[in-house]
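Please work from the sequences and hints to get the whole structure.
There are 2 protein chains.
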Amino acid sequence: MRIAIDAMGGDFGPAPIIEGVARALEKKDFTPYLVGKEEIIKELLPKKYHSRVRFINSDDVIGMHESATEALKRKESTIYKSIELLKSGEVEGVVSAGHSGASMSLATLRLGRIKGIKRPAIVTFMPTIKKKYSLVLDVGANVDCDAYNLYQFALMGEVYAKVVLNTPNPKIGLLSNGEEKSKGNSVTKEAYTLMENFDNFIGNVEGGDIFKGDVDVIVTDGFIGNIVLKTSEGVADTIGKLLKKK
Amino acid sequence: MRIAIDAMGGDFGPAPIIEGVARALEKKDFTPYLVGKEEIIKELLPKKYHSRVRFINSDDVIGMHESATEALKRKESTIYKSIELLKSGEVEGVVSAGHSGASMSLATLRLGRIKGIKRPAIVTFMPTIKKKYSLVLDVGANVDCDAYNLYQFALMGEVYAKVVLNTPNPKIGLLSNGEEKSKGNSVTKEAYTLMENFDNFIGNVEGGDIFKGDVDVIVTDGFIGNIVLKTSEGVADTIGKLLKKK
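If you read the sequences in order, they're chains A and B.
Our numbering puts the first sequence at residues 2 to 247.
Our numbering puts the second sequence at residues 2 to 247.
Simulated from the structure, these hints should not be mistaken for laboratory data.
Treat the hints with care, since some could be wrong.
Heads up, the list lumps identical chains together, so a pair's fine if it works in one copy or across two of them.
[What the hints assert, rightly or not] Derived lysine-lysine pairs resembling BS3-like cross-links, with alpha carbons at most 30 angstroms apart:
#1 LYS88 / LYS163
#2 LYS190 / LYS74
#3 LYS119 / LYS190
#4 LYS245 / LYS38
#5 LYS184 / LYS116
#6 LYS38 / LYS28
#7 LYS28 / LYS43
#8 LYS163 / LYS242
#9 LYS246 / LYS172
Here it is, written out as structure tokens:
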């Protein structure tokens with residue numbers, strides 16, 4: 002398998018990405034296409050791996066605080082080039098730790114969507130007490146969603162859990178302010194009735210259920226998903242700091 | 002000051018409420034009106050405090066899982082009687098650890114709203130790393146809010162922080178998926194432009210800012226606020242369990 006890797010993006014620059022590639026090459030047989038400043042990447046990657054990768058030079062990187070729309074014009078950027086490698090069939094997948102909005106926009110516009118799917122979603126893995134992950138989507142691609150969007154996120158989350166995580170009957174929950182069917186805002190109440198068709202739909206779930214590990218896929222809109230993600234990081238970070246103080 | 006106390010409500014029954022009343026009486030000079038089953042309360046409250054409180058007998062309690070609309074009919078319930086004491090001027094305030102929806106509905110319908118305020122909000126205190134609290138509202142009263150509702154929550158939060166918490170210039174933030182003005186869903190973007198009139202409005206804040214202690218009042222709708230609250234409790238609870246395991 003050939004995978005394009007945005008070697009420059011991310012909060013900590015190319016070093017951890019290249020280190021990750023080296024570790025992955027120890028365990029898996031695949032061909033990384035390292036997209037980025039070739040001289041920097043060659044410097045960081047131990048010589049013994051050089052023959053197992055392809056270097057795709059790119060001098061432009063979309064910064065984390067730049068606009069996602071900017072990405073569409075910057076055809077020499079690492080993300081643009083990575084997506085183009087996938088579009089042309091040279092690779093089978095793309096990995097980027099960089100600007101998620103830029104990756105999302107480029108993937109949507111250059112690669113397109115699955116037929117019938119109205120909006121893409123960003124999925125994230127949340128840790129649980131059971132030492133397995135729960136999937137939460139959308140965590141940032143769509144700030145305004147209607148009930149049908151949420152229904153399609155449930156559908157995509159279900160397929161992802163089945164195919165990628167090998168969970169045969171993933172339990173799907175709708176994030177709400179209470180477990181009862183009567184709970185929810187107007188959009189989630191409508192989404193609830195659409196999702197009732199799913200065999201694997203278990204109904205509404207609450208914020209705390211994300212970490213219990215009893216639900217495999219948790220559906221919400223990208224505005225709430227992003228707030229949930231950052232709130233969770235904030236709590237964990239604060240507890241960490243408080244424990245260190247003691 | 003006379004305060005009506007719903008002595009029966011709450012997840013753990015009357016015991017911790019009565020214990021709290023006894024501790025408060027040690028520190029403060031006030032008259033609790035203990036609303037609930039008189040014989041149970043008298044049994045729980047040490048004799049030395051009996052002369053400092055009033056007992057208001059009530060045999061009915063709204064259970065945590067009953068419907069909030071049910072509360073409006075149950076005129077003998079502890080919450081109903083507590084609210085009536087306030088309405089008639091016998092007390093200056095009401096405290097209940099019971100059914101928040103019932104308390105909210107009864108307060109709104111029996112006491113009314115401040116003139117001009119369209120919707121009440123539930124405010125909560127969130128802990129921060131700076132050992133002071135941040136206020137978050139609404140955390141559950143309104144699942145569907147428009148921009149003007151959010152604007153009014155900011156206004157009420159500001160007044161609450163000034164008058165009740167003695168914070169002269171409380172910093173007010175709008176919960177969003179990023180700090181930039183361009184971030185937000187359609188409702189919060191509109192709310193942002195309304196809030197720009199406030200001197201104390203500092204713009205959008207993210208989930209993690211709730212716990213940093215740099216923002217005094219954080220505004221969101223009751224659907225998201227409830228999810229944020231339960232997500233935070235879920236993370237803290239999970240970390241607690243993981244630490245105990247080790």
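Checklist entry - What are the numbers of the hints that this structure violates, sorted from low to high? => result 4
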